[in-house]
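Trainee: With the hints as constraints, model all of the structure from the sequences given.
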Amino acid sequence: MRLNQLGVALIAVASLTSCTSNGTGWYHVNKVTIGQARQQLDDYVKESVAALPAAARLGPLIGDSGPIPCDDSDGALSTSPARAQADNWITGLPSSGNAEYLDAFVAHWITKGWRIVDDPRPHLNYVAVANSVGYSLVLATTLDGLRLSIGGSSACASREPPETPSGSL
Amino acid sequence: MSAKEPTQLERLGPTVGDIVTPEWTEWNRKLNALRKKLAGIEAVAQTLNGQQDPPLLLLGLQNTGNGRAIISSGNPDTAANVATYVPGVGTNLTGIGGGVNRSNKMYATAQKMAGAPLAVVTWFGCDEPPDLVHGATEADAKHAAPLLDAFQAGLRATHQGQPSHNTVIGHSYGTTVVGESAAHGRSLDANDIVFLASPGVTVTDVSQLHLVGVGSSQNSHHVYASTAQGDPINLAAGINGPSPTDLGFDATGFSSAPDEGSWYSFDWNLAAHSSYWEARNPSLRNIGLIIAGRRSEVG
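Heads up: the protein sequence lines correspond to chains A and B, in order.
Here this note's numbering = 1-based position in the first sequence + 1074.
Here this note's numbering = 1-based position in the second sequence + 48.
To be clear, the hints were calculated from the coordinates, so they are not data collected in a lab.
Computed from a prediction, not measured in an experiment: that's the story for all the values here.
Warning: the hint list may mix true and false statements.
Partial pick of chain A residues on the chain B-facing surface, computed with a CB cut under 10 Å [as the list claims (entries may be wrong)]: (1) Leu1132; (2) Leu1135; (3) Arg1157; (4) Asp1161; (5) Val1180; (6) Asp1192; (7) Leu1211; (8) Leu1217; (9) Arg1221; (10) Gly1225; (11) Ser1227; (12) Cys1230; (13) Glu1234.
Every residue, glycine too, gets a C-beta built ideally from N, C-alpha and C.
Mentor: Right, dumping it as structure tokens:
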């Protein structure tokens, strides 16, 4: 039993390592750099805030968080394509409108062709949307309902500039 | 010497009259090992210098083995919630920046759920096997287990004020390390443990795990497990014991969405194995809730 399992696993894992070591494996890598992906993500975050009542403002949650690797094969944590990250508080809004803020956020991105990918409401005030090229955004409140936050991840992006001019994000 | 700068001997090449000498081969092996360690230490320095919020604290650095380091996002001595992230195969010190970024994402997510002071530790405290082919045995985990046990005990001992809520999160082969650290006569000082994308954790069910201060009858409420449906690690489950996501293992499961894309005609997608920290993935919010000690909201 153990040998059979080991054989299957070795085939699978050999496939994993050989197909991802050059960063062009089974996950989709946009032909943009992480810096470009971060800029696009920041634009999506700002657009999300603009879809909320006018008093909404972005505030710092953590500092400039670095990209998260898209590949765990040998040594790839430092070299693989990676996803840019964004995490912010949203200030300036009364918490009494939390449910409406999440609805407005979803409505805005649905009209842009995004889809809901995680929606544990009403269990949690939390909703995630994603577009077709790998970007995702989350609007949520703290469990006590007092603070509103927005977070996001970009598509997998290259750590190096592309050899040819990049296409659209 | 920098990690990449060629030496004069290297520029001269390995041959004497087109014959590779054993002496050169051995010298070259040692040189590459040293370069790898040096690159790792440079990666640690670069990571520590690149972030101020949350503050990064270097808790440990060793040049033994492939090089080891432990970095905390936030102060674990004063945080109410402290998590330790144990990465999987293929991890070496040059990738510690990517590991810390994952910890930062968990830090931000837990902060967004509960808001309490917290710390997330990136534990590159052992030599992980380079891939699952080499990680198909428990040997590396047996070597790493006492190191992780000692670290967690140290976290508890140095904490100031009320005891913190401590969580240990293993990913991939890191789950095998975490499982080994909590079994076979060992106890892991953690209130909760999370197995993400596990190839097995060296035991057959939660009753064989020992968490300090947690009765074994309560383990199913303190041991969490999740693997994305399309994660190829599912093919490796059983190598180091049954998957902790199996119903018979009796851990608390939570959802992890598979990543986009298909893997030819199969349902496996390598991206799923690295997608647990993506904003869209329910695993991220669940990890944040577990770190914050909000088990009733996990799902």
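Trainee: Should the interface hint for aspartate 1192 of chain A be scored as holding, given a Cβ-Cβ cut-off of 10 Å against chain B?
Mentor: holds (5 Å)
Trainee: Leucine 1135 of chain A was flagged as interface toward chain B. Is the shortest Cβ-Cβ separation under 10 Å?
Mentor: With a closest approach of 6 Å, the leucine 1135 of chain A hint holds.
Trainee: Quick one, is the arginine 1157 of chain A hint okay against chain B at 10 Å, beta carbons?
Mentor: holds (6 Å)
Trainee: Can valine 1180 of chain A be said to touch chain B, with a Cβ gap under 10 Å?
Mentor: Violated, about 13 Å.
Trainee: Go through the hint on leucine 1211 of chain A and say holds or violated, using the shortest Cβ distance to chain B against 10 Å.
Mentor: Constraint on leucine 1211 of chain A satisfied, holds at 7 Å.
Trainee: Tell me if glycine 1225 of chain A is really an interface residue toward chain B, meaning its C-beta lies closer than 10 Å to one of theirs.
Mentor: holds (5 Å)
Trainee: Once the shortest beta carbon distance from arginine 1221 of chain A to chain B is found, is it less than 10 Å?
Mentor: holds (7 Å)
Trainee: Mind checking the CB of aspartate 1161 of chain A against every CB in chain B and telling me if the closest is under 10 Å?
Mentor: Since chain B brings a Cβ to about 4 Å from aspartate 1161 of chain A, closer than 10 Å, the hint holds.
Trainee: A closest beta-carbon separation below 10 Å is what the hint needs, so does glutamate 1234 of chain A meet it against chain B?
Mentor: violated (15 Å)
Trainee: Quick check on leucine 1132 of chain A please, does its C-beta sit within 10 Å of some C-beta on chain B?
Mentor: The hint is violated - leucine 1132 of chain A has no Cβ within 10 Å of chain B, the shortest such distance being about 14 Å.
Trainee: Would you settle whether the hint for cysteine 1230 of chain A is holds or violated, based on the nearest Cβ-Cβ distance to chain B being less than 10 Å?
Mentor: holds (8 Å)
Trainee: Under 10 Å, Cβ to Cβ, is where serine 1227 of chain A needs to be relative to chain B, so tell me if that hint holds or is violated.
Mentor: holds (4 Å)
Of the numbered hints listed earlier, those contradicted by the structure are 1, 5 and 13.
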